[in-house]
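In the order they appear, the protein sequences are chains A and B.
Residue numbering for the first sequence follows this note's numbering, beginning at 655 and increasing consecutively.
Residue numbering for the second sequence follows this note's numbering, beginning at 49 and increasing consecutively.
There could be a bad hint or two in this list.
Unchecked claim - Distance windows between CB atoms, simulated:
(1) B:H58 x A:L700: 19 to 29 Å
(2) B:S114 x A:G670: 43 to 53 Å
(3) B:R133 x A:D661: 24 to 34 Å
(4) B:I53 x A:R713: 27 to 37 Å
(5) B:R154 x A:Q723: 30 to 40 Å
(6) B:V60 x A:R730: 42 to 52 Å
(7) A:G670 x B:Q65: 46 to 56 Å
(8) B:G64 x A:L728: 43 to 53 Å
(9) B:P56 x A:G663: 29 to 39 Å
If you are wondering where the hints come from, they were derived from the structure by calculation, not from laboratory data.
Glycine included, every Cβ here is placed at the ideal spot set by N, Cα and C.
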Amino acid sequence: RKEVEQDPGPFNVPEGATVAFNCTYSNSASQSFFWYRQDCRKEPKLLMSVYSSGNEDGRFTAQLNRASQYISLLIRDSKLSDSATYLCVVSRSGKSTFGDGTTLTVKP
Amino acid sequence: DAGVIQSPRHEVTEMGQEVTLRCKPISGHDYLFWYRQTMMRGLELLIYFNNNVPIDDSGMPEDRFSAKMPNASFSTLKIQPSEPRDSAVYFCASGGSEQFFGPGTRLTVL
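Please construct the entire structure, taking both the sequences and the accompanying hints into account.
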């Protein structure tokens, strides 16, 4: 079993839709959690950190459930520019493990 | 800050040749990471350093791979001898729990 698992998708949604990505992790000692975004043929870029209390950044909301070892990312009012691969990342003692990513395509 | 700098951006070489990838991390970052990304295996951590000291190299695939960090502003990843299966994008990142990636080196071994 992989340490970090994501639904690979692809998710194809129309502009304006709400879409949710899920991620599970196996190591209960994990300390920090993130979502990264990677555009085609580019490097991953930090999108947002994830906290147990949940956090929101504009149209993006991230949530962490430590008991279930589950992380989510919600994107509201999808834009064409949101099309990318979203990577779930789990970190412990300085070492990060990346999920394989979920691909999102937002269509006009 | 210019961000993480990697060179070369593209490298095409023949099997058996030595390949050296270079990275300049963001100034002030204590951690430096080397990753490899392929379609088949995704993004894999190869090795990471803390304050120039290698902490975990368990992801280095085999003895053909080596990495050094002689000072806080420079690191290298060397493959000797290279093989076609080493073809991938190699990323360097710096930071801590939040990581900032360089643009990557796209390596093709023929």
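Status of each hint after checking the structure:
Take H58 (chain B) and L700 (chain A): their Cβ atoms lie about 25 Å apart, and the range 19 to 29 Å holds. With their beta carbons about 50 Å apart, S114 (chain B) and G670 (chain A) fall inside the hinted range of 43 to 53 Å. Hint check: R133 (chain B) to D661 (chain A), Cβ distance near 28 Å, so the stated range 24 to 34 Å holds. Checked against the hint of 27 to 37 Å, the pair I53 (chain B) and R713 (chain A) passes, with Cβ atoms roughly 32 Å apart.
At about 34 Å, the beta-carbon gap between R154 (chain B) and Q723 (chain A) stays in the expected band of 30 to 40 Å. A beta carbon spacing of about 43 Å between V60 (chain B) and R730 (chain A) agrees with the range 42 to 52 Å that was offered as a hint. Remark: the range hint 46 to 56 Å for G670 (chain A) to Q65 (chain B) is upheld by a beta-carbon distance near 51 Å. One distance hint, 43 to 53 Å for the beta-carbon pair G64 (chain B) and L728 (chain A), holds here, with the actual separation near 49 Å.
Checked against the hint of 29 to 39 Å, the C-beta distance between P56 (chain B) and G663 (chain A) comes to roughly 32 Å, which is consistent with it.
Hint violations for this structure: none, all hints satisfied.
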